[in-house]
Amino acid sequence: GQNIDQPTEMTATEGAIVQINCTYQTSGFNGLFWYQQHAGEAPTFLSYNVLDGLEEKGRFSSFLSRSKGYSYLLLKELQMKDSASYLCAVRDRAGNMLTFGGGTRLMVKP
Amino acid sequence: NAGVMQNPRHLVRRRGQEARLRCSPMKGHSHVYWYRQLPEEGLKFMVYLQKENIIDESGMPKERFSAEFPKEGPSILRIQQVVRGDSAAYFCASSPPRSTTEAFFGQGTRLTVV
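Line order of the protein sequences matches chains A and B. Taken in order, the first sequence gives residues 62 to 171; the numbers are from our numbering. Taken in order, the second sequence gives residues 209 to 322; the numbers are from our numbering.
This is chain B alone, in the form it adopts within the complex (with noise of 0.2 Å):
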């Protein structure tokens, strides 16, 4: 059973350019969860998704970012006309459905702006 997949592990983009991050959750897996860490800081809470639906989005910027998770393929989160401060790394997490315990997380991926 392979882990959280997350890709691609690094992406550089130039400022005004789109960015789109992939995440495929752990087989049986239907609650994906995506944070984003700036260096030397913890997780902030971006999107909670499951499939085909927003569940809370309460952390996502109100411009520019958007998540998805069809009912088929991985979930996406996009950034659109990426600025420098949209540099961090992006970490994608799944859960199985009414789960209690944890949440496992993907290799993540670090988004440069150049």
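Okay, chain A solo, but in the shape it has when bound (with noise of 0.2 Å):
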């Protein structure tokens, strides 16, 4: 089976880094994924890491280690738009279902 922590809410103000922290214990695993979900929308994909290292993307990072069952998720230069819940996924090693944590409500403040 899969499990699978991050905190349940941060806050951050407008304009700074902020570090989003997934551990996992997993049976197998086959990626971790990143997605962003506002309120009562769609969940859309972030980040993507399957091998331990840091993968950037504009404001957004991710990073993974695998012995560690360790990712972070890190945006810089906060908007007040990236208020949103950040939720971690952990792919099996089928490459099937994705498992996903509780999700982190990040609230940007001005």
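It should be emphasised that the hints constitute simulated quantities derived from the structure, not laboratory data. Because the structure is a prediction, the values reported are computed rather than measured. One or more hints might be untrue.
Chain A stretches covered by chain B per the calculated footprint, using a threshold of three residues with CB under 8 Å from any CB of chain B [to be verified]:
#1 102-109
#2 160-171
What the simulated footprint calls covered on chain B by chain A, stretch by stretch (three residues with Cβ under 8 Å from a Cβ of chain A suffice, anywhere in the stretch; the number is not a length) [what the hints assert, rightly or not]:
#3 244-251
#4 255-265
Even for Gly, the Cβ is constructed at its ideal location relative to N, Cα and C.
With the hints in hand, could you dock these two chains into one complex?
Structural data, given as structure tokens:
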């Protein structure tokens, strides 16, 4: 089975940097995903890591350490529109379903 | 290329009625996943289907819930004799065959049982 943990809520200031952590314990691993979800909307894909290291995509970066079962999503130059829930998800070895954490609700304040 | 289409967006049912939720995957996608999301919670996997086949239904409740993905037409998630606890957002996601990257999500169907 899969167990994925991430903080429930975080608050940060516009223009700042925030790091959202995710730890996982899985019986199989075939990639870790981060999704953004605004209230009442569909999750949208942000990043994908399958090898250790940092993946950078504009203001967003994601890091993975498979040996530690750990990932983080780094958001730079925060904007008000970044206020949303950020979902960490692990894909099983078969490459089928995603198992999601409970999500981290980020509030960006002026 | 239209995204994943779900309908209806909102569905209200009385206790004991049936709810049918539809999902049309993106063009070229043959893998469909259904997830349920309760308020303030993450997404919980329900079922993974390919055309005419249920591949993994380990997240489906044993009773009242069923899913299908026929050769023609959308995938259907069916909930019989709904109860208040079934009230949630139901999201469908699709991916192409042999996908090694992300699944794309639809806008979801928000089911309210009154």
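Hints, verified against the model:
1. Counting residues of the segment 102-109 of chain A whose C-beta sits closer than 8 Å to any C-beta of chain B gives 6, which meets the bar of three, so the coverage hint holds.
2. Given as covered by chain B, the segment 160-171 of chain A passes the check, having 5 residues with a CB less than 8 Å from a CB of that chain where 3 are the minimum.
3. Counting residues of the segment 244-251 of chain B whose C-beta sits closer than 8 Å to any C-beta of chain A gives 3, which meets the bar of three, so the coverage hint holds.
4. Against chain A, the segment 255-265 of chain B contributes 3 residues with a C-beta closer than 8 Å to a partner C-beta. That satisfies the three-residue criterion, and the hint holds.
Consistency with the previously given hints is maintained throughout, with no hint failing.
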